[in-house]
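There are 6 protein chains.
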Amino acid sequence: MIASGGMFMSSLVRLVEYAEASPEVRAVYDKIMTARGTDWINNFWKALANDPALLGRVWASVQQVMAPGALDPLTKEMVYLAVSATNNCEYCSYSHTAAARRKGMTDAMLMELMAVVGLANENNRLANGLRIPVDEQFKAQP
Amino acid sequence: MIASGGMFMSSLVRLVEYAEASPEVRAVYDKIMTARGTDWINNFWKALANDPALLGRVWASVQQVMAPGALDPLTKEMVYLAVSATNNCEYCSYSHTAAARRKGMTDAMLMELMAVVGLANENNRLANGLRIPVDEQFKAQP
Amino acid sequence: MIASGGMFMSSLVRLVEYAEASPEVRAVYDKIMTARGTDWINNFWKALANDPALLGRVWASVQQVMAPGALDPLTKEMVYLAVSATNNCEYCSYSHTAAARRKGMTDAMLMELMAVVGLANENNRLANGLRIPVDEQFKAQP
Amino acid sequence: MIASGGMFMSSLVRLVEYAEASPEVRAVYDKIMTARGTDWINNFWKALANDPALLGRVWASVQQVMAPGALDPLTKEMVYLAVSATNNCEYCSYSHTAAARRKGMTDAMLMELMAVVGLANENNRLANGLRIPVDEQFKAQP
Amino acid sequence: MIASGGMFMSSLVRLVEYAEASPEVRAVYDKIMTARGTDWINNFWKALANDPALLGRVWASVQQVMAPGALDPLTKEMVYLAVSATNNCEYCSYSHTAAARRKGMTDAMLMELMAVVGLANENNRLANGLRIPVDEQFKAQP
Amino acid sequence: MIASGGMFMSSLVRLVEYAEASPEVRAVYDKIMTARGTDWINNFWKALANDPALLGRVWASVQQVMAPGALDPLTKEMVYLAVSATNNCEYCSYSHTAAARRKGMTDAMLMELMAVVGLANENNRLANGLRIPVDEQFKAQP
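Protein chains in written order, with my numbering: chain L, 1 to 142; chain H, 1 to 142; chain C, 1 to 142; chain F, 1 to 142; chain W, 1 to 142; chain Z, 1 to 142.
Hints are supplied without guarantee of correctness; some may be wrong.
For identical chains, the list gives no copy identity; a pair is met inside one copy or between any two copies.
Quick list of in silico lysine-lysine cross-link-like pairs, DSSO-like style, CA-CA up to 30 Å [unchecked claim]: (1) Lys139 to Lys31; (2) Lys103 to Lys139; (3) Lys103 to Lys31.
Rather than coming from a laboratory, the hints here were simulated on the basis of the structure.
Go ahead and model the full structure; you've got the sequences and the hints to work with.
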């Protein structure tokens, strides 16, 4: 937990460090570090560790959902960033921009990604705000 | 405009048909049909046509932003869908799912896309709700 | 309550009609009709009437907030529409577009309003998604 | 108002201190301190005090809505937190976590609350993003 | 899939019926019906079944998160409803209102729940819109 | 870019200063400073400058959308602020409050604006959360 003062903010729950973690939490921490080839745990997991079942479930979900499949991992990271920008999640924007860059996202890709995010947010409101009815031609799906 | 009755909803402005459109609006409609190789205009543009400057600007923006660049057009369509799902835009979800399918999106890709969208929305709220501070390691950007 | 069937949806609580309403609810209904010079109650209030204290409080808030003040009532209706478009509230978009039109909003004004709403939604995400720091020059406020 | 510098941010309006407040504002401040048994006013009310009618109305609303009723006050605080997490309101997350803890919320309860908030945000987007139609069985309400 | 026509909307993917489902999907469907003591599957799961891994994961998450724990199941359903109202998820509002009613939620409880949801949404925007700084007293957490 | 340390955050892309900008970017910067009668560029544009096409397009959109028309520029700024408050865009709230004040917005107007924003956000959720059907009387539009 970051020391308080000025605009410094601490999280609303303790950040559980490895040294003080239960064996159940340490087991997940070990999986995270092994999967990522790192020797540290980022704050997101340290906060979730206050509920070991939540920690284990969310980590397993991330592993399943972000794995290569019909979409490649970099595309998935960029989709994740698009949602985080729309929802204004500072933590997720920082952590997943770092992740996307490790997977090959360039500045040019990030800028184009944000251009699409901006445009979609604009057009979503034009369509919703004017209550534009869906064309019959689009309803043939699936 | 769809005839009213029951839950049938009309848009909040008239949908401007080609036959009644001004030359300025017809010029944009012609560009849209040429670019898409279709002979009809979908309701989104018919609603925007109530403000010809808006119609022209948004169409030009779509052409610029969704064009191939550092990201390919299919990836851009899926990012657009991710935002539309997060914002609950029914019109955009229908129209851009159709567009993404024309560009090669399969059901498997759509399902994985939504899995990422769901997960990001979940984790965005865990990070925001618990006010988890950004790790120093993520701040080295750019 | 609308009869069910197909896509017809009913509200999640009963819509309280005047004939069946308690004296407490009727008193608010009477105030609404008097203030508006109408002889009917729209569904929003009929739904809130399941909680008479909520009905009374929200009606009083609307009366206070939407009254002429530093801002005129039409500007307030358009601000209300901007929020409703951003939040995708179908009910509020229909009811407050009707209200704004009664107060003088033209189609041209509605279209410009939505253009601003769309642009703000776009730029909000560019600023949030790229985590752009606030300039010192803007912090001198108030 | 907090002195500016670095990332330090001030609010967009002055924070009205008791010493400089009008009698109308002081009357509300006194009610707040009495209701809470405290001798200080938090910034939320100091900002609203720039519009005494708004200050009075919002305080009265909080008193009415958060009071014991069909739901107990702690449940109401947790619902408030769930909304604040979904909307990413930093101020509200801090102030209402403090309030919920005073009413008995433990860390275990907070973590489970956030788990539900996360899951609902995920499933909301799966349902909205795939445009899943509501089952007839759920429409029988109320 | 609901037959199309007028405003009738189909989902963006096929709804997988039991009769046509793979053994992997049927296994989850069986678990759902057993857990709920019902003989039908609602559309949410039929849509997710297009991605059996997603279906299995989300069902397991719901079972884990919504189970009794530090919070009781009815409180969890109401928190779920608060998020769904904030995000405007029609499907989730219908399905989880039904679930909450089966667990004992009365109309009075639903109305108070929505009153809190409304108030939190209002105050979230007052705090965010005016950029009100968090008081030092609230930062002592945890 | 702001030097890092503590809670100090940098943007996710470099902020392009005039001295290092390409001729294409400088041309837009010059237009911005001329239009505003200032000698500095705020961070929003410096971040967009990483994608000169995006920079040019967004600046042109702002010029078109925020210009006097059926709505006056101050009303447009306040609508922009209403959206930014609803979406929790810190950058936009600071920069457009400054812009609105330059165009004549007083504290009293800002407070009334936020009161409307808060009320609309509250009522949007009451209508959406209770799934209140739109009255036939409101569907006659346009």
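Going through the hints against the structure:
1. When the C-alpha separation of Lys139 and Lys31 is checked against a cutoff of 30 Å, the pair qualifies only between copies, where the shortest distance is 24 Å, while the shortest distance within a copy is 44 Å.
2. Taking identical chains as interchangeable, the C-alpha atoms of Lys103 and Lys139 lie at most 30 Å apart only when they sit on different chains, with a minimum of 18 Å there against 36 Å within one chain.
3. For a Cα distance limit of 30 Å, the shortest separation of Lys103 from Lys31 inside one copy, 20 Å, qualifies, whereas the shortest one across copies, 37 Å, does not.
The structure fails none of the hints (numbered hints given earlier).
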